Amino acid sequence: MPDSLSLTKITAQKGISIGEAAKRVADLGWTPSYVQEAMTFPTDYKIKKAPRDPMKQVLRSYFPMQEEKDNRVYGALDAALRGDMFRNVEPRWVEWMKLFLAIIPFPEISAARSMAMVARLAPGEELRTGFTMQMVDEFRHSTIQMNLKKWYMENYIDPAGFDITEAAFGRCYATTIGRQFAEGFVTGDAVTSANIYLTVVAETAFTNTLFVAMPSEAARNGDYALPTVFLSVQSDESRHIGNGHSMLMSIINDPDNHQLIERDLRYAFWQNHAIVDAAIGTFIEYGTTDRDKNKESYTELWHRWIYEDYYRTYMLPLEKYGIKIHHDDVNAAWERMVKNHYHHKVAQFFSVGWPLNFWRIEAQTDRDFEWFEHKYPGWYAEFGDYWKWYGKLSKPGETVMTFNTDTGYVYPHRCWSCMVPCLIRDEIICDEVDGKIHTYCSKLCHWTHKTAFAPTYEGRPTPAMGRFSGRREWEECYHGWDLADAIQDLGFVRGDGKTLVPQPHLRFDDRDMWTLDHVRGHTLGSPLLTIRGMTPEAREAHLADYRKGFKINPIH
Amino acid sequence: MSAAVQPPVSPAKSGAAGAATFSGSDSRKYNYFDPKGRRATHYEDMTVDVQPDPKRYLLQDWIISFADGTPTYSENWTEAKSSDWHAYRSIDQEWERTHYQRQSTICGMIQNVVENGRRAGAPKRFDPAWVKILQDHFGAYKHAEFGLGTATMQAQRYGYTQMINNAILTNSSYKIRFSQDLTLYLSEIGMDIDGFNTDAGKQHWVDDPIWQETRRAVETIGGATDFLEQYFAVNLIFEPLVGELFRSGFVMQAAASQNDFITPAVVSAAEGDYERNLANAVELFRMLMLDEAHGDHNRRLFGTWLHKHGTLAIAAAQGLQPIWSQPRVKVAQFPEALELAKNRLRAIGAETNIDVRSIVDV
Numbered sequence: 001m002p003d004s005l006s007l008t009k010i011t012a013q014k015g016i017s018i019g020e021a022a023k024r025v026a027d028l029g030w031t032p033s034y035v036q037e038a039m040t041f042p043t044d045y046k047i048k049k050a051p052r053d054p055m056k057q058v059l060r061s062y063f064p065m066q067e068e069k070d071n072r073v074y075g076a077l078d079a080a081l082r083g084d085m086f087r088n089v090e091p092r093w094v095e096w097m098k099l100f101l102a103i104i105p106f107p108e109i110s111a112a113r114s115m116a117m118v119a120r121l122a123p124g125e126e127l128r129t130g131f132t133m134q135m136v137d138e139f140r141h142s143t144i145q146m147n148l149k150k151w152y153m154e155n156y157i158d159p160a161g162f163d164i165t166e167a168a169f170g171r172c173y174a175t176t177i178g179r180q181f182a183e184g185f186v187t188g189d190a191v192t193s194a195n196i197y198l199t200v201v202a203e204t205a206f207t208n209t210l211f212v213a214m215p216s217e218a219a220r221n222g223d224y225a226l227p228t229v230f231l232s233v234q235s236d237e238s239r240h241i242g243n244g245h246s247m248l249m250s251i252i253n254d255p256d257n258h259q260l261i262e263r264d265l266r267y268a269f270w271q272n273h274a275i276v277d278a279a280i281g282t283f284i285e286y287g288t289t290d291r292d293k294n295k296e297s298y299t300e301l302w303h304r305w306i307y308e309d310y311y312r313t314y315m316l317p318l319e320k321y322g323i324k325i326h327h328d329d330v331n332a333a334w335e336r337m338v339k340n341h342y343h344h345k346v347a348q349f350f351s352v353g354w355p356l357n358f359w360r361i362e363a364q365t366d367r368d369f370e371w372f373e374h375k376y377p378g379w380y381a382e383f384g385d386y387w388k389w390y391g392k393l394s395k396p397g398e399t400v401m402t403f404n405t406d407t408g409y410v411y412p413h414r415c416w417s418c419m420v421p422c423l424i425r426d427e428i429i430c431d432e433v434d435g436k437i438h439t440y441c442s443k444l445c446h447w448t449h450k451t452a453f454a455p456t457y458e459g460r461p462t463p464a465m466g467r468f469s470g471r472r473e474w475e476e477c478y479h480g481w482d483l484a485d486a487i488q489d490l491g492f493v494r495g496d497g498k499t500l501v502p503q504p505h506l507r508f509d510d511r512d513m514w515t516l517d518h519v520r521g522h523t524l525g526s527p528l529l530t531i532r533g534m535t536p537e538a539r540e541a542h543l544a545d546y547r548k549g550f551k552i553n554p555i556h
Numbered sequence: 001m002s003a004a005v006q007p008p009v010s011p012a013k014s015g016a017a018g019a020a021t022f023s024g025s026d027s028r029k030y031n032y033f034d035p036k037g038r039r040a041t042h043y044e045d046m047t048v049d050v051q052p053d054p055k056r057y058l059l060q061d062w063i064i065s066f067a068d069g070t071p072t073y074s075e076n077w078t079e080a081k082s083s084d085w086h087a088y089r090s091i092d093q094e095w096e097r098t099h100y101q102r103q104s105t106i107c108g109m110i111q112n113v114v115e116n117g118r119r120a121g122a123p124k125r126f127d128p129a130w131v132k133i134l135q136d137h138f139g140a141y142k143h144a145e146f147g148l149g150t151a152t153m154q155a156q157r158y159g160y161t162q163m164i165n166n167a168i169l170t171n172s173s174y175k176i177r178f179s180q181d182l183t184l185y186l187s188e189i190g191m192d193i194d195g196f197n198t199d200a201g202k203q204h205w206v207d208d209p210i211w212q213e214t215r216r217a218v219e220t221i222g223g224a225t226d227f228l229e230q231y232f233a234v235n236l237i238f239e240p241l242v243g244e245l246f247r248s249g250f251v252m253q254a255a256a257s258q259n260d261f262i263t264p265a266v267v268s269a270a271e272g273d274y275e276r277n278l279a280n281a282v283e284l285f286r287m288l289m290l291d292e293a294h295g296d297h298n299r300r301l302f303g304t305w306l307h308k309h310g311t312l313a314i315a316a317a318q319g320l321q322p323i324w325s326q327p328r329v330k331v332a333q334f335p336e337a338l339e340l341a342k343n344r345l346r347a348i349g350a351e352t353n354i355d356v357r358s359i360v361d362v
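Just so you know, the protein sequences line up as chains C and X, in that order.
The first sequence lines up with residues 1 to 556 when you count with full-length UniProt numbering.
The second sequence lines up with residues 1 to 362 when you count with full-length UniProt numbering.
Just chain C, same shape as in the assembly (with noise of 0.2 Å):
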């Protein structure tokens, strides 16, 4: 038998190429007569460039693809139940999956909707067959995750939180910076959200953080579940970021849009740090157990992911189109994580308000210590005895952390742009905007407010452009209630009725853990109400103590 003899040798025939295939697809559209497609998302953006579809896929070959991959995800998941997986798996970790995937599926799932907003957008045909596989992948985000998540629910030691998750979504303090995420990539100017946040920026840069950093610390905390699921989810963000590419290049061309896309390159990327670093980083570094030295930080996998690959690979070359890239932003987000120790703040907000989770969080220790002083020097001498008075104040009967003077932390106010809280106290701005006064982590989250969410831009009116509405700091929802209310209207208790779902620590043991009568007696309140409330010289006053930032008690 010759040796070049097969079966797909003997089984051949001819077909039509891939591109050839493409190209035929990419022909079913046409321009209508009769009736004009209804344009019901308004952008301000102008699009005559007809974007191509860089990854030349149709659906039959998609379809299996996928399928398989599915196969493989679940094949897994099977497997790590077979391998006793939870057996050695690291509570630490996954009680912060509570969060974070109660946070990620209303994300991926409003990325399946904004496809509907470009695919409508972009003349000519070839890239509608490239937003719809985005559209069904990130069906399939969501739903997968929605799956995993079940699943940690079925076999992890404390299920609690999990089964209230898409509850808890909704309410907490917490969540409240993912539900800006993903609102974002679906309201407002549709090229601004569906593009530039979404695919442009969070899906090309972020998703590496999001979607690869973690699910390495995962495995090294015993979970290999998240990074069977999300490593196959980021293998389909290749085609995503195809899709946002090309739908980039069909209105970079155009000189009228160059203003607009260095707005939207400014905010996006701001906002994906000020929300994606805050949680990402938060989860990597604080929920694991591996204090390996010789593995990256946080900071060190940004730098990687968002300045070597994302930043210098992708949005500098933007310039040669005549874009102005904000090279100090850039700098300004790395310094803020190095200098500034934002992400490190953001786990020391999320533990001090630990009885408004709906997970648990344990105390930093020695071991821990050690790791965070050697990649980040520093670290200890701000940070060490806050941990070491959260491990003592864990025990229930002790005054809540949140409400604890004797720590000496402060409160912070919340950020009306990100939503995440002003950690760096000196960076704080308060503005009186739209006839309000806000509070602002950082300048480029005040000018999201005031200058890029707003009817004109530098003079150009900017009709299509989004709007912060809502009920945006969350502690005005409870401003003036006892904390033991406020966590039963939340539902973070348990089916006993009184003890806590969340617990500052990782003690599965009901002597052990805090109940409604432990945290009751504390008034709540919401920084913005009061200072709104206060004269312009109080108000000065009271910012220019809040600068001088906070100095943790010692611990004796």
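In case anyone wonders, no lab produced these hints; they're calculated from the structure.
The structure displayed is predicted, hence computed values, not measured ones.
It is possible that some hints are incorrect.
[To be verified] With a straight-line cut-off of 20 Å between C-alpha atoms, the simulated SDA-like cross-links for lysine to any residue are:
#1 C:K14 with X:M191
#2 X:K124 with C:A12
#3 X:K132 with X:Q212
#4 C:K339 with C:I424
[What the hints assert, rightly or not] Computed far set for chain C versus chain X, every beta-carbon distance over 12 Å:
#5 A50
#6 A79
#7 L231
#8 I241
#9 H258
#10 D290
#11 P317
#12 Y411
#13 W447
#14 D482
#15 Q503
#16 R532
#17 P536
#18 A544
#19 G549
Note that CB positions come from ideal geometry on N, CA and C, so glycine has one too.
With chain C held as given, fit chain X onto it using these hints.
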């Protein structure tokens, strides 16, 4: 760094379910929604409440709005009204895994049928008149499917719940896949048939009088600004009166007599798709018709949609009539096929409580 720090006490040696018993340790079901049946289905667990709602758990309301103040999701994006949009569950219960399994199975089935048919030389034995019908009219029809797919792709942005939007999303995915199935199928058999013109279908779609009322009906659906009107028009009106009429009432019946055993297999996938899409749509519109507070309003509204799209669909169906005369071997009669299509609409009307007599009994 400090001996004062107590290491965390973690009495449980395992992170597995059952390793310790404490309050909440047995709470292993999503508990924030009422299942439709006695127990939540996997589909419900994957779907319900992922798209939040200020009326349920969205404490801070939607936090970004469009420039006119419309929030991220609005009940006002359709004229239809519901006392509880969250009550809807899709009949096919699709989530990602079941969707990919079904779509992938269909892709494999079609590919096998086409490859084996081509290997056996079947396209060369198609009746020449039939080949021209496939080239011109089946080729034109693929654009109708694409139009319905892009209309539902648009519509899946607007629904007030995840259940509604995901049902519309999978509907779009099925329609766009089928439009591509037809495109690639015709391209491949075109390689085996001398003189086959793969561009002819689009020419007929755009210019042939036979297809113009169909194109008008599809463009009217694409031009609707009410997403539920689009979903209604696609599944309750266009599909039974035009799509299924052409697919089942003509292609599926006529093909075998023209020596074509491949095309019916390709088309059968779309018939299966439609059964699911129809069931999902009927469930939704039936729910809206039976709504105690808004049933009357919805009945009037659906009557206007029925009249608008039904009139166009009947005109489209009648426009296609000449195609039934074109095969050399005539096995299907247009009047019978149209009557079957009308019966289908009558059955849909009976299921949804929508009075369809003004369209089918004229």
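Quick one: which hint numbers does this structure break? Sort them smallest to largest.
15
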